[in-house]
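Dock chain B against chain A, hints included.
So the protein sequences, as listed, match chains A and B.
Residues 2 to 218 in our numbering are what the first sequence spells out, letter by letter.
Residues 2 to 218 in our numbering are what the second sequence spells out, letter by letter.
Any given hint could be a false lead.
Copies of the same chain look alike in the list, so a pair counts if it works inside one copy or between any two.
Capping the alpha-carbon separation at 30 angstroms, the derived lysine-lysine pairs in DSSO-like fashion look like this [said to hold, decoys possible]:
| id | residue 1 | residue 2 |
| --- | --- | --- |
| 1 | Lys-108 | Lys-163 |
| 2 | Lys-163 | Lys-207 |
| 3 | Lys-145 | Lys-27 |
| 4 | Lys-207 | Lys-27 |
| 5 | Lys-204 | Lys-27 |
| 6 | Lys-108 | Lys-27 |
No lab work stands behind these hints: they were computed from the structure.
Number of protein chains: 2
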Amino acid sequence: MNNRPLIGVIGGTGALGAALARRWAKAGEPVLIGSRDGARAAQAAETLQAELGAQVGHGSNEDVAARSQILVVTVPWAAQADTLEQIREHAAGKLVIDTTVPLVPPKVMRVQVPEEGSAGLRAKAILGDDVTVATAFHNVAADKLARDGDLDCDVLIFSDDKDAREETGRLVVSAGLRGFQAGSLANSIAAEAMTSLLIFINKTYKIAGAGIRITGC
Amino acid sequence: MNNRPLIGVIGGTGALGAALARRWAKAGEPVLIGSRDGARAAQAAETLQAELGAQVGHGSNEDVAARSQILVVTVPWAAQADTLEQIREHAAGKLVIDTTVPLVPPKVMRVQVPEEGSAGLRAKAILGDDVTVATAFHNVAADKLARDGDLDCDVLIFSDDKDAREETGRLVVSAGLRGFQAGSLANSIAAEAMTSLLIFINKTYKIAGAGIRITGC
Numbered sequence: 002m003n004n005r006p007l008i009g010v011i012g013g014t015g016a017l018g019a020a021l022a023r024r025w026a027k028a029g030e031p032v033l034i035g036s037r038d039g040a041r042a043a044q045a046a047e048t049l050q051a052e053l054g055a056q057v058g059h060g061s062n063e064d065v066a067a068r069s070q071i072l073v074v075t076v077p078w079a080a081q082a083d084t085l086e087q088i089r090e091h092a093a094g095k096l097v098i099d100t101t102v103p104l105v106p107p108k109v110m111r112v113q114v115p116e117e118g119s120a121g122l123r124a125k126a127i128l129g130d131d132v133t134v135a136t137a138f139h140n141v142a143a144d145k146l147a148r149d150g151d152l153d154c155d156v157l158i159f160s161d162d163k164d165a166r167e168e169t170g171r172l173v174v175s176a177g178l179r180g181f182q183a184g185s186l187a188n189s190i191a192a193e194a195m196t197s198l199l200i201f202i203n204k205t206y207k208i209a210g211a212g213i214r215i216t217g218c
Numbered sequence: 002m003n004n005r006p007l008i009g010v011i012g013g014t015g016a017l018g019a020a021l022a023r024r025w026a027k028a029g030e031p032v033l034i035g036s037r038d039g040a041r042a043a044q045a046a047e048t049l050q051a052e053l054g055a056q057v058g059h060g061s062n063e064d065v066a067a068r069s070q071i072l073v074v075t076v077p078w079a080a081q082a083d084t085l086e087q088i089r090e091h092a093a094g095k096l097v098i099d100t101t102v103p104l105v106p107p108k109v110m111r112v113q114v115p116e117e118g119s120a121g122l123r124a125k126a127i128l129g130d131d132v133t134v135a136t137a138f139h140n141v142a143a144d145k146l147a148r149d150g151d152l153d154c155d156v157l158i159f160s161d162d163k164d165a166r167e168e169t170g171r172l173v174v175s176a177g178l179r180g181f182q183a184g185s186l187a188n189s190i191a192a193e194a195m196t197s198l199l200i201f202i203n204k205t206y207k208i209a210g211a212g213i214r215i216t217g218c
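Only chain A is shown next, with the shape it has when bound in the complex (with noise of 0.2 angstroms):
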């Protein structure tokens, strides 16, 4: 362990809450895997730890959420607000990254606007003024994450406080992609929203993993 904040990904077991804890691990991050299953999560972290020799915690989701500094939520869009509910409590004074993207199978090519405006505003509203909250990582395919190598996609990044803006964008950079400060929890819709396209147009033109770039800078 370094004096980096203690990174819990919740959910970690996941596509794309695995393929995170992978980068962040090998770029040195301290990482715990969090799972409903705390047998799963122990599982993942010691095929991580064998691939990558680098040392990465485990437990229930809530066992993660309290040992954490910052917690990283990765969990579809039916499990959030139960999630995010049994997390709460050890959220208190902490920064939450809320990957979530409001995807109602099988219509997950629509775009649908949570009644709150944005999953990141939802978030927000569950977990209480006294938790900070970020959102991020919406537009990234899991599978490209889970491999090496740079990927052909920017992620778009956004709170209501410039702090956790900025702490975001840092692990962004340590999970090895270009991440841009986008604005508030309510713009944070445009990207959740970007996603339902994203697989509308892997489908149109027969293409695997679509992604955004900004560009002009």
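Just chain B, lined up with the frame of chain A:
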């Protein structure tokens, strides 16, 4: 004139409308420039004719809507509803390509989700079932579009009607841009909202005219 459909640019003296009219006229598309102020439309058409040697018609927005086969609406958010109501009776049976982005000054860096779900769905609600609505051109910087040359920005195209998406795609290419079919009018909110993010990014990173590109294809 040729046998391509006549394109009426409603609000064609604004920055986006004038830039699109110029690119289409230059590509040999028959174009009419409409404006609330018929005299300004006449002046814009004369300027284009002098530059390009192409014949460009003009008139009031209503007059141009009545005479054209395809209507391209390029007005600010605050003028969208009134403008669509003015042209509605002339739009029946036609394709209307709406370019409206829900920017609410002075908070143009903050995403606003219209009550209907997107500006495109709002256009459809106003125009009614006998008008085919598509949306496009949300993210191109008008000042870059006004000059010749390639833009480093893709155009996302939306409609509930596949033929309308394809016809709009033809006009995107004719304007010298790369377009992607990106789904229904509900999906349009992703591109509409992206414009607020691009303005935020322009300001944060001190760049002029950030755009987006679809990658992986």
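These are the hints, each one checked on the structure:
| no. | hint | verdict |
| --- | --- | --- |
| 1 | Lys-108 with Lys-163 | between (34 angstroms within a copy, 17 angstroms between copies) |
| 2 | Lys-163 with Lys-207 | between (39 angstroms within a copy, 17 angstroms between copies) |
| 3 | Lys-145 with Lys-27 | within (16 angstroms within a copy, 42 angstroms between copies) |
| 4 | Lys-207 with Lys-27 | neither (32 angstroms within a copy, 33 angstroms between copies) |
| 5 | Lys-204 with Lys-27 | neither (33 angstroms within a copy, 33 angstroms between copies) |
| 6 | Lys-108 with Lys-27 | neither (35 angstroms within a copy, 41 angstroms between copies) |
Consistency note: the structure conflicts with the earlier hints numbered 4, 5, 6.
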